[in-house]
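> Model the placement of chain B on the given structure of chain A, informed by the hints.
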Amino acid sequence: MHVSLTVNGQRAVTDVEPRTLLVHLLREELGLTGTHVGCDTSYCGACTVILDGKTVKSCTMLAVQAQGAEVTTIEGLAANGDLHPVQEGFWERHGLQCGFCTPGMIMSAVGLLSENGSPSEDEIRHGLEGNLCRCTGYHNIVRAVEYAAAKMRGEEPPAPEWEEASA
Amino acid sequence: MGRGVGVSTTSVLGGVVKRREDPALIRGTGLYVDDLQLPGMLHVAFVRSPYAHARVVSVDASDAEAMDGVRAVYTASDVAHLGDLVTQVAVGKLRPLLAGDKVNHLGEAVAMVAADTRYGARDAADAVDVEYDPLDPVIDLKEAASDAALVHEDMESNVLLAWEGGPWGDEEAIAATQQSIADAKARDDTVSVSIEAVNQRLLPMPMEPRSVVADWNVGYGRFTVHSSTQIAHALAGGIAQTFGLSLTDVRCIAPEVGGGFGCKLNVYNDEILVCFASQQLGRPVKFTETRRDAAGSTIHGRGWVATATITGTGDGQILGYELDGIADMGAYSQNFTVAIPFLGLFVGAGQYTFPTHWKVACVHTHTMTTDAYRGAGRPEAAYYLERAIDAYAREIGVDPAEVRRMNFIPADKFPGAATHIGFPMDTGDYETNLDALLETAGYEDLKAERDQLRAEGRLVGLGLATYVEVCGFGPSALVDLGFSWAAYKIPSGFSGSGLVRVQADGTASVIIGTGPTGQGHQTTWAQIVSNQLGIPVENIRVSHGDTAESPLGIGTFGSRSAAVDGSATYEAANKVRAKAADLAAHLLEASADDIVFADGGAHVAGSPDQQVSWSDIATLAYQPHRLPEGMEGGLEAHAVFSPGNATWPFGSHLALVEVDGDTGDVKLLRYIAMDDCGNVINPMIVDGQIHGGLAQGIGQAMFEDGDYEADGNLLKWSFVEYPLPTSADLPSFELHRTVTPTDINPLGVKGIGEAGTIGSAQTVVNAVVDALSPLGVTHVDMPLRPKRVWAAIQAAKTNGSVS
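Residue numbers (the working numbering), protein chains in the order written: chain A, 1 to 167; chain B, 168 to 970.
The shape of chain A in the complex, shown without the other chains:
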């Protein structure tokens, strides 16, 4: 089937099997491998992308359902090469280890902050409940989102928990 959509600002037109999942279109047809597949049941959130302004799990949508949509993947998040505040927060606050859940986690955090610019820790934790991470225990993911939220509000981010800021 013919499918046409906009991904990271670029028009993409391709033919896919009707059963092709959006995540496989992104990864295998368009070569955008930053979006990951971590499970078979739309549970882990590694495949999260932003579609028409909302976060969606791209393994839970058929590619053809994205007909005409505007999709942003992790590769499209850094505008003009500058890191998005959420990406910066993950780097500054060690919000990732193996990095596999990270693109989906970042996209969900972007979605969360677009709806709530000043989330409490509890709101961050519940807001990211649909994204699993096996490495970080979420502790520093919460710190990363707190960092990003402050930056996006134009405020100084909370200080890091470790003593030395740099070596």
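Because the hints were derived from the structure by calculation, they are not lab data. Where a beta carbon is used, it is the ideal one built from N, C-alpha and C, also for glycine. Take these hints with a grain of salt, some might be off.
Only some residues are given here: those of chain B computed to face chain A with a beta carbon under 10 Å [what the hints assert, rightly or not]:
no.: 1; residue: Lys185
no.: 2; residue: Asp189
no.: 3; residue: Leu192
no.: 4; residue: Gly195
no.: 5; residue: Leu203
no.: 6; residue: Pro206
no.: 7; residue: Arg459
no.: 8; residue: Pro795
no.: 9; residue: Gly797
no.: 10; residue: Pro850
no.: 11; residue: Phe886
no.: 12; residue: Asp896
Pair by pair, the computed Cβ-Cβ distance ranges are [unchecked claim]:
no.: 13; chain 1: B; residue 1: Ala191; chain 2: A; residue 2: Glu121; range: 26 to 34 Å
no.: 14; chain 1: A; residue 1: Glu121; chain 2: B; residue 2: Glu616; range: 19 to 27 Å
no.: 15; chain 1: A; residue 1: Glu121; chain 2: B; residue 2: Gln346; range: 53 to 61 Å
no.: 16; chain 1: B; residue 1: Leu198; chain 2: A; residue 2: Thr60; range: 46 to 54 Å
no.: 17; chain 1: B; residue 1: Ala958; chain 2: A; residue 2: Gln65; range: 37 to 45 Å
no.: 18; chain 1: B; residue 1: Ala191; chain 2: A; residue 2: Gly9; range: 50 to 58 Å
no.: 19; chain 1: A; residue 1: Glu121; chain 2: B; residue 2: Gly589; range: 41 to 49 Å
no.: 20; chain 1: B; residue 1: Glu799; chain 2: A; residue 2: Ala78; range: 53 to 61 Å
Here is chain B on its own, set in the frame of chain A:
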């Protein structure tokens, strides 16, 4: 650094450096195996057994073979000539690459389909018609240990061996230990407290499913294999061994690996089978497991039942500890399988002095293989010991912290302290660590708060546990105990290596034999080298995971990379530094002894204004005609580090929980950890390792359960049935540390990858049992999901055993 109270702050490095690996990972440009697409690449899917135990009557692949895009369907007879799966500790039944006339666990691979597309391979696998004759499975561990029915009809017993100590292997000393415990029990001033507990099976479940792409080049006579493995060199050796090739004929590459936690510390049959298919079909072949595949055919962890007994006086002096257990090996032994409980035996008596008799039998069942999952044997050992000590403390009415303190190996026994099996330990100061936790946490205040809330009728509990672990494997001489890696053509897996090369422009490449699955090697190793050479971290690039370029190193597991391969890299950097001093001395017309490295270059002591840069030094190194006579060109060094022992980190953890008496729901309110991993290279990374470790220990305590049904079914196929902790399930953790450097390696580092997991499950369970203790509850098996906790509350109320 060193946020503990009144503790050593010895540090060789100790600075936070933002991770060098992160820019690619946060931009989505990191390369994981499944991202790889090679020209002409085929995809593989497996036909897997829906039964735990059955005869395979027939396999009919004709419909599958007739499907468009299907290139081949392989069954056991096609790969019989390759033998069983190469296995390091080859005790017990080894795994056939594909099941032949019998299947022995749910999910066992019966046939492999190769097709043009991922979806097509899956369709074709579904079209393979396998006829089974189901047989009764052996699932229950006690039944398996009784040999009432055999898992493998050609074996004499389901029991492969029993690990017994201590001291290990000394039967007379074991008998003497048993006698001393029996004598203690016979005294009329002692009590014995026993807990029978399940340490349930767990599914490792890194977020990246395992993935492998094999590419046989018939012209070169060489495999190039990308795999999401923790042990690229062992995989290369295992493939070479299987196919009769040399180590140079197999190149394995582990690119970004999305978590491992031990489950990628195995050579898998699928890795061998895609090599076979690539060789047969002349095309690259990819297999990426689904999460369902992972549940049924990637190794599991834990899976023990055991009874733990503490015997001691009424005032807290422990006179004996006994553990009598059975550990589930699954149907087949793989890499380390039967050795996992052995790691538990090492620390069976924890950091305590009392006589210990520890015996765990390893049995086959009709389930997936168990092997190393974060902590691997040590969480199980610590769980039983610390649950039993807690129960004993409650029985005699002495504070659990005091009971532990009374029985610790005293700090003045170091150096020279040994475990109950006679294995020497490096350094330890357990009392200081425990006291630091109690003081930092405000233990007395927490107890008062708990008692206050309890008086209001709330089920609040405080749980304490301490641990010592063995890690940083090493010693190199483990090989002499039979833990060779010879099955993978590697004479020793317990040393480490590093290579440091200063490039012609003064930047440095560091190539290491081990590889990360998220631990931040690119940053930590850059810090080690920067610290020795003065080359800025941003001018150092660390490579790993490609066996064609990296020196031999076995991998990241057992919290060993920094201690072993990090130390090798430290020594390699020192070799480079020595040569660079000679080069700088030549440039500055001075003596090498007077050269000081600082500010990105070198100068003569006392003359910092006459500085040569690393670029100047390297330029000279790569213009050998300018060198003084006798000096070789180039500026690089390789070092192998041979550790004389493992390392022995330790710590103390405290949890505060509240149980909802109406629903059984457990809320983890606070988690406070005081860990001691020796020196710390990057505190940010070390804390991150503890966070993740805690989440996995708490996951076992509260959420995760990989146990099979009685009929051999595993109803844990997805994250719906096998819940990992989510962000909403966990609190922020409160981390602190004491610092007791090891003397085993030049960095003084012990390792931190597993500590959080080893210390935490029993801490949470102790807290929940404490919360329920007013009702008379003395034990609840993990995971502490609401239904189970609620049932325990109801049972206690029904029994009227209110204390």
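> Hints first: check each against the structure and report whether it holds.
Structure-based check of each hint:
1. Lys185: holds, 6 Å
2. Asp189: Holds, because the Cβ-Cβ distance from Asp189 of chain B to chain A comes to roughly 5 Å (cut-off 10 Å).
3. Leu192: holds, 3 Å
4. Gly195: holds, 2 Å
5. Leu203: With a minimum Cβ separation of about 9 Å from chain A (threshold 10 Å), the hint on Leu203 of chain B holds.
6. Pro206: Because about 14 Å separates Pro206 of chain B from the closest Cβ in chain A, which is outside the 10 Å limit, the hint is violated.
7. Arg459: This hint holds: Arg459 of chain B lies near chain A, its Cβ roughly 6 Å from the closest one there, short of 10 Å.
8. Pro795: violated, 36 Å
9. Gly797: violated, 38 Å
10. Pro850: holds, 5 Å
11. Phe886: Cβ of Phe886 of chain B sits 4 Å from chain A, so the hint holds.
12. Asp896: Check passed: Cβ of Asp896 of chain B comes within 8 Å of chain A, closer than 10 Å.
13. B:Ala191 <-> A:Glu121: 26 to 34 Å: holds, 29 Å
14. A:Glu121 <-> B:Glu616: 19 to 27 Å: holds, 21 Å
15. A:Glu121 <-> B:Gln346: 53 to 61 Å: At roughly 55 Å between Cβ atoms, Gln346 of chain B and Glu121 of chain A fall inside 53 to 61 Å, so the hint holds.
16. B:Leu198 <-> A:Thr60: 46 to 54 Å: Taking Cβ atoms as reference, Leu198 of chain B and Thr60 of chain A lie about 25 Å apart, which means the hint is violated.
17. B:Ala958 <-> A:Gln65: 37 to 45 Å: holds, 44 Å
18. B:Ala191 <-> A:Gly9: 50 to 58 Å: Distance hint for Ala191 of chain B, Gly9 of chain A is violated at roughly 21 Å.
19. A:Glu121 <-> B:Gly589: 41 to 49 Å: holds, 48 Å
20. B:Glu799 <-> A:Ala78: 53 to 61 Å: Violated - the Cβ-Cβ distance for Glu799 of chain B and Ala78 of chain A, about 45 Å, lies outside 53 to 61 Å.
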